[in-house]
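All chains, please: the whole structure from these sequences, using the hints.
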Amino acid sequence: MENNLKKGHAILDEWADVIRDPNLSIQEKNQKIYDLEQQSVGIFGLRKHLEELYKRHPDVKDWRNK
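Each residue of the sequence shown is one higher than the one before, starting from -9 at the first, in the numbering used here.
Hints are supplied without guarantee of correctness; some may be wrong.
[As the list claims (entries may be wrong)] Lysine to aspartate or glutamate pairs mimicking EDC-like chemistry, simulated, CA-CA at most 16 angstroms apart:
#1 Lys38 with Glu27
#2 Lys51 with Glu4
#3 Lys45 with Asp11
#4 Lys(-3) with Asp25
#5 Lys(-3) with Glu27
#6 Lys22 with Glu(-8)
No wet-lab data here; the hints were simulated from the structure.
Encoded structure:
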């Protein structure tokens, strides 16, 4: 379980990095996030993965609105 959590947190960290990357277009970000989401949902469950992402990286919560 703990190993799964570490893997999940690594995915969320990568997700936040994708959102912060100024060199990626919205389409590229959406595709990378979709791929990461498929991995994190399996670890955290459908809703919990977003709660965990925003808890770990609150600055990326409203990235589409910026």
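Results for each hint:
1. Distance restraint check for lysine 38 and glutamate 27: the Cα-Cα separation of roughly 11 angstroms lies within the 16 angstroms cut-off, and the hinted pair is therefore satisfied.
2. A hinted pair counts as satisfied when its Cα atoms are at most 16 angstroms apart, and lysine 51 with glutamate 4 qualifies at roughly 14 angstroms.
3. The hinted pair formed by lysine 45 and aspartate 11 fails the criterion: a straight-line CA distance of about 19 angstroms is larger than 16 angstroms.
4. For the hint linking lysine -3 to aspartate 25, the alpha-carbon distance of about 15 angstroms falls within 16 angstroms, and the restraint holds.
5. Note on lysine -3 and glutamate 27: the hinted pairing holds, with a Cα-Cα distance of about 13 angstroms set against a maximum of 16 angstroms.
6. A hinted pair counts as satisfied when its Cα atoms are at most 16 angstroms apart, and lysine 22 with glutamate -8 does not qualify at roughly 25 angstroms.
When the structure is compared with the earlier hints, violations turn up for hints 3 and 6 and for no others.
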